[in-house]
Amino acid sequence: MQDFTEAFRLAFALVLSGDADLIEIVGLSLRVSLSAIVLACLIGLPLGAWLAIARFRGRRAVLVLVNALMGLPPVVIGLLVYLSLSRAGPLGSFGLLYTPTAMIIAQTILITPIITALSRQVIEDLYSEYDEQFRSMRLSQRETITALLWDGRTALITVALAGFGRAIAEVGAVIIVGGNIDHLTRVMTTAIALETSKGDLPLALALGLILLVIALTVNALAMTLRGKSDGLAHG
Amino acid sequence: MAESIRTVGLSLTAGGKRRVGPLNLILPPTGTTVIMGPNGAGKSLLLRLLHGLIAPTTGSIVSAGQQAMVFQRPVMLRRSVGANLMFAVRRAGGTPADCQRLLAEAGLADLAGQQARSLSGGEQQRLALARALACEPDILFLDEPTASLDPAATLAIEEQVSKAASTGTKIILVTHDAGQARRLADDVVFLHDGILCEHTVAAEFFDTATSPQARAYLSGQIVL
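Note that the protein sequences, when read in sequence, are chains X and E.
Each residue of the first sequence is one higher than the last, beginning at 1 in my numbering.
Each residue of the second sequence is one higher than the last, beginning at 1001 in my numbering.
One or more of the hints may lead you astray.
[Stated by the list, open to error] One-sided and incomplete, this derived list gives chain X residues near chain E with beta-carbon spacing under 8 Å:
{"id": "1", "residue": "Arg87"}
{"id": "2", "residue": "Asp125"}
{"id": "3", "residue": "Tyr127"}
{"id": "4", "residue": "Glu129"}
{"id": "5", "residue": "Gln133"}
{"id": "6", "residue": "Ser136"}
{"id": "7", "residue": "Met137"}
{"id": "8", "residue": "Asp151"}
Hint data in this document are derived by calculation from the structure and do not stem from the laboratory.
Idealized CB from N, CA, C, for every residue including glycine.
Sequences are here, hints too, so could you generate the full structure?
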C-alpha cells in the first residue's frame, strides 16, 4: 500500500515538474490523435452526411457495414496497417512503418467509421426536419450537405470529440504499427503498458492521470456542447 | 409575368387510395388563388404536387418561373434570424443590403442577431415568408401559413402576402379560414375528396357557390 502511495506521490511530482519525457509522450499522443481526428472528420463528416441524404440501392447494407466497422478491433486494424506498410506490403516502399504517420493512419482508419456512423445519424435527424424546405429551395446535393454540416456543427463537434476520445485511448493498433519506440513513437497508452510491465509505476500513473484528465475534459466539452445543441433544437 | 400553372389529368395515388385528382386546372397568371376544402380534401397534397415536392401518379404540370413555398410549420435553420434570411438571399444572388431590406419589410430588423428558433410562431412565419420572397418568386405557395397564429400575427402575414401579390407574384394559398380567403382571394379552388368541385372568381364563389359541397362548407356545415 505504501508503494502505491509513493507511486502516486512520484506521479504527481512528475506531472507538476513538467518532466521532459512525459511532455514528449503527451505531445506525440496529442499530435497523433489530433491529426487522426482531423483526417477522420475530413472523410467521415461529408461521407456521413451523404449517407444521410442519399437514396440508392444497397444503402441499408452500406449502413450496416459502417455501423459494424465501428466495432472493428484496434489490433485487427493495426495488423492490416502493419501488413500494408511492412516492407513486403503494397505501401512498403513509403517506409512508414514504426513512424508517427503509421500511427495516424491506423487511428484514422479506426475512428473514421465512428465519425461516419455517428454523423450520419445526426445529419439524418436534421435532414428529416429540413428536407421539404431544402427541396422547396431547390438546393443541390452539395448545398444540402454543406448546410446540414453547418447547422449540425454543435452535435458534430460532439461526434468529433467522441472520436478523439476513442483515438487517444487506443493502444492495440498504435503499438503494432508504431512499435512503441522511445522518443519516436511512444504515446501515452503504449508507454503506460510498457512502464507497468517494467514496474515503473510513477511514470505509468502520471501518464494515466493525464489521460484521465484529457478524457474528462473531452467528455465535459461533449456534454456542454450537447446541452447547447439540445437547447437550440428546442429553443 | 406570363407564366401560370396548368395541370392536365393530374392525380396522386398513395397507399392504394386516390388522394388527388384527376385534375385539369388552369390558374391565372397573377393574383391570389386560394385552395379551400375540408380536412383530407387534398389541398396540401395539391400544393406540394404543383410545387414539385411530390411526383404525380398520372398527369402533368406546366409552370414556369421561380417558385418558393412557405409551410404551415416554418422550418428554421439553426442560425440567427439574419443568417436564416441571408442563406436564401445569397442563393438568390442578393447582397447583405437586400437581406436588411427584407428584414425591415418583415418587421424583424431588431431581431436579426437572435436565434431564429427562439422567435415566436408569428415571427418565425414572417421570417419564413421573407426567406421565400428573397428569391423574388414568380409563384409563391403558402400552406396554411397562419393556421396556428393569433390575429395580430395573421394580419402581419396577410399584409406581407398582399404586398407580394401587388408586386406581381402569383400567390397560391391553402387555407381553412373562410375569412382569410374572403380577404385575400381573387379566385378560389374548392376541393373535396381530392376532386375539383369548383374553380371560380372569389366573389362568385362566396356569393353563389354552385357545388353542394362548397355551399355546405361555406354555410358552416361539417363536410365529410
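Structure-based check of each hint:
Residue-level restraint check for Arg87 (chain X) is violated (minimum Cβ-Cβ distance to chain E is 50 Å; threshold 8 Å). A distance limit of 8 Å between C-beta atoms decides the matter here; for Asp125 (chain X) the minimum to chain E is near 12 Å, and the interface restraint is violated. Contact between Tyr127 (chain X) and chain E, as hinted, is not supported at the beta carbon level, the nearest pair being about 11 Å apart and thus beyond 8 Å. At about 6 Å, the closest approach between the beta carbon of Glu129 (chain X) and any beta carbon in chain E falls short of 8 Å, and the interface hint on this residue holds.
Proximity of Gln133 (chain X) to chain E holds as hinted, the smallest CB-CB distance being about 4 Å (cut-off 8 Å). The restraint placing Ser136 (chain X) at the interface with chain E holds, with a minimum CB-CB distance near 4 Å, inside the 8 Å limit. Satisfaction of the interface hint for Met137 (chain X) is found here, the shortest Cβ-Cβ separation to chain E being roughly 7 Å, below the 8 Å cut-off. The closest approach between the C-beta of Asp151 (chain X) and any C-beta of chain E is roughly 4 Å, which is under the 8 Å cut-off, so the hint is satisfied.
Violated hints, in rising order: 1, 2 and 3; the structure is consistent with all others.
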